[in-house]
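J.: If you read the sequences in order, they're chains A and B.
Going by full-length UniProt numbering, the letters in the first sequence line up with residues 1 to 519, in that order.
Going by full-length UniProt numbering, the letters in the second sequence line up with residues 1 to 231, in that order.
If you're looking for bench data, these hints aren't it; they were derived computationally from the structure.
Glycine included, every Cβ here is placed at the ideal spot set by N, Cα and C.
Relax, there's no trap hidden among the hints.
Derived lysine-lysine pairs resembling DSSO-like cross-links, with alpha carbons at most 30 Å apart:
hint, chain 1, residue 1, chain 2, residue 2
1, A, K129, B, K51
2, B, K51, A, K335
3, A, K233, A, K140
4, B, K182, A, K87
5, A, K129, B, K45
6, B, K182, A, K245
7, B, K95, A, K457
8, A, K140, A, K245
9, A, K265, B, K95
10, B, K40, B, K191
11, A, K50, A, K14
12, B, K171, B, K182
13, A, K14, A, K38
14, A, K129, A, K335
15, B, K65, B, K185
16, A, K444, B, K51
17, B, K185, B, K72
18, B, K72, B, K135
19, B, K51, A, K265
20, A, K265, B, K185
21, A, K87, A, K248
22, B, K114, A, K265
23, B, K182, A, K129
24, A, K87, A, K140
25, B, K114, A, K457
26, B, K135, A, K457
27, A, K457, A, K245
28, A, K234, A, K140
29, B, K182, A, K265
30, B, K51, A, K457
Which stretches of chain B does chain A cover? Using the computed rule of at least three CB atoms under 8 Å from a CB of chain A, they are:
hint, stretch
31, 19-25
32, 97-105
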Amino acid sequence: MENAHLEEQVHAAKAFFLNTSDGDSSNLYDHLAECLGKILEERPDNALGKFEEISRSVKREKLSPRPDVIQDSQGISSRAEVATIQKSLFMSSQGEDGDAEFDDEVDVPFPNLMDVMSNFEQGGIGIGKDQAYRIFLALKQLTTQQPLASVRFWGIIFGIEASYIIAEGEYQEGHEEEEEEEEEEEAKQEDQDGDGEGKDNEEDSEEKDVLPESQWKPPPVIPKEETRMGTNKKVYFVCNTPGDKWVKLPHVKPAEIVAARCIRKLFTGNLESPVVGYPPFPGREEHLLRAQIGRISATTQISPAGYYMCEEEEDEGEDDAPKPIEVNPEFEMGKLSEYADGSMNNWSHHIQYILPQGRCQWFNPVPKADDEFEEDEEDEDKEQPEELEPETGPQILTAVAEDERVEGMPAWSARLSSSIIPQYAVAVVSSNLWPGAHAYVSGKNNFENIYIGWGLKYSSTPFNPLLPPAVQDEFPTGADITETKDPTAEEEAALKALQEEAEKAAEEEEEPEDSEDEG
Amino acid sequence: MDSESLSLNLEYASSSGIVLSVEKRASLLTSLTLVQQSYKFHRVKFWGIIKGIQNDYYIIQGIGKDEIRGRKGLYSQDCVDWRLLPHVDETMCVKSSLLPGRFTGDPSFILEHKVTNRIGKGEITPEKSTIVEMKEEERLAAVIRRIDEEVAVVPRGAYMRTPLNEVVANKSFQGLSLPEAKQLKYYYHFKEPEVEDVNKTITQPIDFLTSIDQDIPKGKLQLVVIINDIV
Chain A
1 MENAHLEEQV HAAKAFFLNT SDGDSSNLYD HLAECLGKIL EERPDNALGK FEEISRSVKR
61 EKLSPRPDVI QDSQGISSRA EVATIQKSLF MSSQGEDGDA EFDDEVDVPF PNLMDVMSNF
121 EQGGIGIGKD QAYRIFLALK QLTTQQPLAS VRFWGIIFGI EASYIIAEGE YQEGHEEEEE
181 EEEEEEAKQE DQDGDGEGKD NEEDSEEKDV LPESQWKPPP VIPKEETRMG TNKKVYFVCN
241 TPGDKWVKLP HVKPAEIVAA RCIRKLFTGN LESPVVGYPP FPGREEHLLR AQIGRISATT
301 QISPAGYYMC EEEEDEGEDD APKPIEVNPE FEMGKLSEYA DGSMNNWSHH IQYILPQGRC
361 QWFNPVPKAD DEFEEDEEDE DKEQPEELEP ETGPQILTAV AEDERVEGMP AWSARLSSSI
421 IPQYAVAVVS SNLWPGAHAY VSGKNNFENI YIGWGLKYSS TPFNPLLPPA VQDEFPTGAD
481 ITETKDPTAE EEAALKALQE EAEKAAEEEE EPEDSEDEG
Chain B
1 MDSESLSLNL EYASSSGIVL SVEKRASLLT SLTLVQQSYK FHRVKFWGII KGIQNDYYII
61 QGIGKDEIRG RKGLYSQDCV DWRLLPHVDE TMCVKSSLLP GRFTGDPSFI LEHKVTNRIG
121 KGEITPEKST IVEMKEEERL AAVIRRIDEE VAVVPRGAYM RTPLNEVVAN KSFQGLSLPE
181 AKQLKYYYHF KEPEVEDVNK TITQPIDFLT SIDQDIPKGK LQLVVIINDI V
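Extracted from the complex, chain A is given alone in its bound form (with noise of 0.2 Å):
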């Protein structure tokens, strides 16, 4: 009993000392825990004399406020975040192995940039030393990063709020299929929730009044080339600060390229973000910058002629397959002069035109009626829609001289890199038709292309977007659907009294009928 009372007053005298004096978080509890430990710690000579004095220190302590609240508080600025993203760009990779052996003789899939810009610097192209090198280590990066056999830099796209750089590059054989399965559920995801979509309206519309349907049928939506085929061909990958993580861009879709021929719309830097124009494009940022890039490519991927050579199969069966190019390994450079002369004689396209249906192998979206063709003829002659002409375009490795000119200016610009020791310059080739599209040659078969701009084509009138197409047809007036007047009450009776008389007058043509029936 007495322990428990002590216990009760121990408690009692605890829960005094922790009150709280008015307007004071601090207790006496914690005031005299406090100097105690200091006692015990700095163990004074005469601790008891000295007791008021560490108690007045303590409680002065207090008071002083924390150094920190004072001092500015620095919050991360945007360059220190820049640059903690980039320093992981120059962490060696031996970090990593431990003792990590130098071997000049494994392969690097990607090309000396360095190399490659110092050569477009001696022709006026260029980004800066440093920012080329930071590209540099972001590709070499990216090669750690996913399984590509190789990779190059495509170039830069110039953003309203950030720019993009561009990286194009091939995944190993193999591992492009699991992406490629990846990305089809994701599509067919997205076609189940469509579905889901289109019953609810179908039941909607069967509680309210049923809408006439509609006779439209869209055109035949025209498949995306297969991978490793036509405008898919590349993977592009993107970022917008060397360091930032790689965004691989989807594959393009011929609607796309097709809607991104008819709009011209700056960039903003934001994959994410919309784009708002007319004709409505199908998808955002990153769709229309894939498409861009697949436009751009296609048009300005130049080497020079010989370089490439197509593998010789003889698959006479289909003439439209695109023949695969090879390196030519027997290939010989000209000389230099050669390649800087206007003509353009000497160099080919290496990437095939994109035809104006979006695909660079044409698709034929009429079905090809061969099946039933020993069933119905007399249907198939009257539902058939005509045969298409195939979309045709220049052939790959077509002569970059029989490009079309550009608005009354030849489409490359050619030049020297130096009058002064011609015998040690470049010649560099500039697209009239995309600005910012350049390409190289240099001796010993090194050439490059790039495209540093807007990604935006040339034109010297101001853009007209595409007119709406026209207001459709109203239904056909006739009789059937006019609106007749009201008649007046003076018309009514006029009728009335019409009808009357010829009421009377057919009775009174009866009675004589009758009579001659009955005579």
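Starting from the structure of chain A, add chain B where the hints point.
T.: Showing chain B alone in chain A's frame:
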């Protein structure tokens, strides 16, 4: 950019995708010194490049006593020989705005263009077409002046006006701080302000230019802060 710190400044501007080759840079540094000497300029500034189809034009501006009114433009195609740009008047500016297309690279080339004017608002508009002729050299000068008037901007405080109404560089200008550099109102059009206020000369030696945040349409000039570009 100033001829004296050209190499460094070119490095800052290189994110635009256009750089000067080593040959051009070296020859600029040599020839600009000679230009400054022979034309008796206070300073010489490298204005930029106008790309032509066959050849490019390299533009410099020599600066006399006054930073705005004392500017003279010179052009060159090889960065060695410099020629004065012709004087530009208002009609040349209007003319150049009617001409489409790129420069050829030949200063004596005469560009002809048919301009169609629509007069009247009736349904049948009589179309009057006139042929505008302009020598490429004159067009170049006019275009440079238009670019200067429309988009030449300077940070606030970089230039000041003396009581004698001369615009001079502010020697105590230290650059803008990062928060300031991100705001459009800290940039001014570098041209004669349209509304002249006599009192401003004395009371506001710094804010005598028009700020670019009053431009129409909004967002005509978008500020892109690139980390490297802050001097």
